[in-house]
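Q: Here is how the chains run, residue by residue.
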Amino acid sequence: MKRPSEIETAPFPSRAREQAVQAPALAGSRFLRTLVILTILLALLILLGLWAGTRTIDFSQLRSDPLARTLFFRLRLPRVVMAALIGASLAMVGAALQALFRNPLADPATLGVSGGGAMGASIAIALGWGERVSGVPLVFVTAFGGAIAAFLLVHRISRAGQMQLPGAILLAGVVVNLIASAAVLTIQYLTDASRALQILRWMIGSLDVVGFDTIWRMLIFLAPCWVILLAFSRDLHLLAMGEDSAATLGVNVKRCEWVIHLVCSLLVGVTVAVGGAIAFVGLIVPHIVRLLFGEDLRIVLAGSLLLGAGFLIAADAVARTALGPLELPVGAVTALLGGPVFLWLLHRRQRYSAL
Amino acid sequence: MTALLEARNVEFSYSAGSPVIRELSLTVKAGTLCALVGANGCGKSTLIRLFASLLTPAQGEILFGGTRLPAVGRREIARRIAYVPQAAPMVFPFTVLEVVLTGRSPYTPRFHFEDESDRARALEALATVDAAHLAARRVTELSGGERQMVAVARALAQEPQCLLLDEPSSALDLKHRAALVRTLAALRDAQGLTVLMVTQDLALIDPLFDYAFALRAGELAAEGPPAEVLRDPVLTHVYDDPHIRTSRVEGRTLIWSD
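Protein chains in written order, with the working numbering: chain A, 1 to 355; chain B, 1 to 258.
In case anyone wonders, no lab produced these hints; they're calculated from the structure. Remember, it's a predicted structure, so these values are computed and weren't measured experimentally. Among the hints, erroneous ones may be present.
Said to hold, decoys possible - Computed, partial: chain B to chain A, Cβ under 7 Å:
hint	residue
1	Ala52
2	Thr102
3	Ser105
4	Arg110
5	Arg121
6	Arg231
Heads up, the beta-carbon is just placed ideally off N, CA and C, and yes, glycines get one too.
Whenever a hint applies, use it, and build me the whole structure from the sequences.
A: Shown next as structure tokens:
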């Protein structure tokens with residue numbers, strides 16, 4: 001029993017500070033560790049991606065065998081780079097949206113952004129708009145337009161005045177996605193057979209690419225967006241803990257929302273225009289990073305960039321080899337992996353209080 | 001004593017035609033512990049959010065140390081005014097230390113991580129509210145009361161001049177309610193912290209608080225030292241309840257409704 005005089009000495013009867021000693025390491029050192037581990041993993045997965053395929057490449061023959069060289073530099077390498085670009089972009093978008101909407105199930109697909117982008121792109125394909133507007137393929141522009149339209153629509157629906165309704169955003173996203181895919185199906189039905197096939201191949205999501213032209217063109221859009229997302233990662237870290245607290249800690253919430261919307265739409269628009277709607281990368285990758293390296297958004301975003309790249313390279317390697325000579329679209333592989341992950345996250349919802 | 005926070009003829013409404021705050025003027029003096037009381041829906045939280053610059057008044061102005069709030073600047077406001085919301089739902093399982101460390105972000109440049117001194121301040125803030133033992137726990141696993149203590153710790157880690165609290169004691173047990181107010185009073189004495197706290201805990205106000213504001217339907221109905229505000233005629237008016245009774249016993253005011 002404590003005597004009253006003892007209790008009065010401090011405002012709180014202090015409960016041992018020593019208990020706090022086992023508190024987690026500072027984010028800075030965890031950040032560096034995460035980058036090192038994931039960079040090594042990415043390097044390994046790049047080697048795997050370059051090597052694997054219906055014809056495995058013997059790296060020692062690259063000097064002597066011209067066929068191997070062509071295969072390597074015109075097909076295999078561009079494809080691995082493309083997978084890396086798209087995987088990194090989608091994973092970062094997923095991580096950013098989960099923080100922005102404070103919803104662990106947010107993903108370009110579940111928020112309707114991919115659907116909107118797919119609709120925009122399929123309109124361009126169906127109408128045969130192959131041309132470019134000042135160097136930018138028109139299909140990029142329409143996909144970006146579709147993505148941002150879907151984004152704004154979903155955002156608008158899920159907000160009542162100043163309030164963000166937590167469950168509404170996913171419902172709205174799923175419905176917008178349904179509407180968009182219905183529109184894509186209609187477009188596909190109405191257009192001629194070869195374009196319909198083109199739309200179908202690309203809707204599932206695939207990484208067919210020859211040479212580096214498309215890659216350079218994508219990179220012009222994607223790289224600045226990655227930089228912007230990384231620059232906003234602290235704001236997103238604060239936003240993930242609540243809009244009000246972020247605002248009182250100095251985050252310009254409105255500006256941050258707009259920037260993230262624009263940047264994510266651009267990333268999704270461009271990746272969808274080139275690779276199709278590759279599902280669930282944005283859901284799976286950030287959660288793996290979280291489980292391994294903690295919740296700090298600065299770590300999750302940078303980690304998603306690296307792991308997203310590696311993840312899609314690996315998924316594409318599986319798609320190219322799983323069924324022997326028959327090549328699966330990579331979107332089918334990620335969807336087959338991602339669906340169960342989504343269900344698993346739902347099942348574990350006690351970890352997240354807002355599902 | 002000088003005025004730290006000031007509302008001048010402030011009007012605010014969420015939807016047109018039904019103002020929540022009307023023509024309200026009040027002054028919070030530096031280094032005082034102030035309570036903000038009133039019936040549900042009278043505009044207490046709205047007023048606190050206006051002071052925290054989470055809302056912008058439709059008319060009138062909010063001043064901090066004599067400067068209009070927008071002119072103070074976002075980052076500067078974050079260093080000087082901390083806000084503890086009514087309930088802070090957390091979706092992601094951040095650790096308590098991670099949450100409290102965000103209180104240091106107004107002091108760290110955008111591309112820097114918090115350093116050892118930030119961590120020491122965060123742990124100290126946790127210790128101040130008797131929550132150091134929670135540092136490594138996940139916020140999603142905490143009870144409502146523990147979460148409120150963490151929110152207060154984060155606000156203290158901001159090292160603000162002024163602390164705005166929106167019913168921080170609503171989920172706290174008896175011991176922690178009184179302890180929280182005693183801690184705030186100690187910080188006022190040691191560092192000159194200014195506190196404006198929305199509370200329904202009328203029994204705690206006298207004698208722990210220096211000053212009390214009572215709102216009624218968006219207007220300031222009464223203000224003054226607790227012993228003056230917490231009187232039958234004032235409270236029956238503020239709460240529109242003729243059954244409210246007060247009684248002063250041993251230097252404190254007891255309040256109940258018959």
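Q: With a cut-off of 7 Å, does the beta carbon of Arg110 (chain B) approach a beta carbon of chain A closely enough for the hint to hold?
A: Holds: closest Cβ of chain A sits about 6 Å from Arg110 (chain B), inside 7 Å.
Q: Close enough to count: is the Cβ of Ala52 (chain B) nearer than 7 Å to one in chain A?
A: 5 Å, holds
Q: Can you verify the interface hint for Arg231 (chain B): is its Cβ closer than 7 Å to any Cβ in chain A?
A: Check failed: Cβ of Arg231 (chain B) comes no nearer than 29 Å to chain A, outside 7 Å.
Q: Holds or violated: is the Cβ of Thr102 (chain B) closer than 7 Å to a Cβ in chain A?
A: 6 Å, holds
Q: Does the nearest C-beta of chain A fall within a distance shorter than 7 Å of the C-beta of Arg121 (chain B)?
A: 13 Å, violated
Q: Would you settle whether the hint for Ser105 (chain B) is holds or violated, based on the nearest Cβ-Cβ distance to chain A being less than 7 Å?
A: 5 Å, holds
Going down the numbered hints, you'll see the structure goes against 5, 6, while the others check out.
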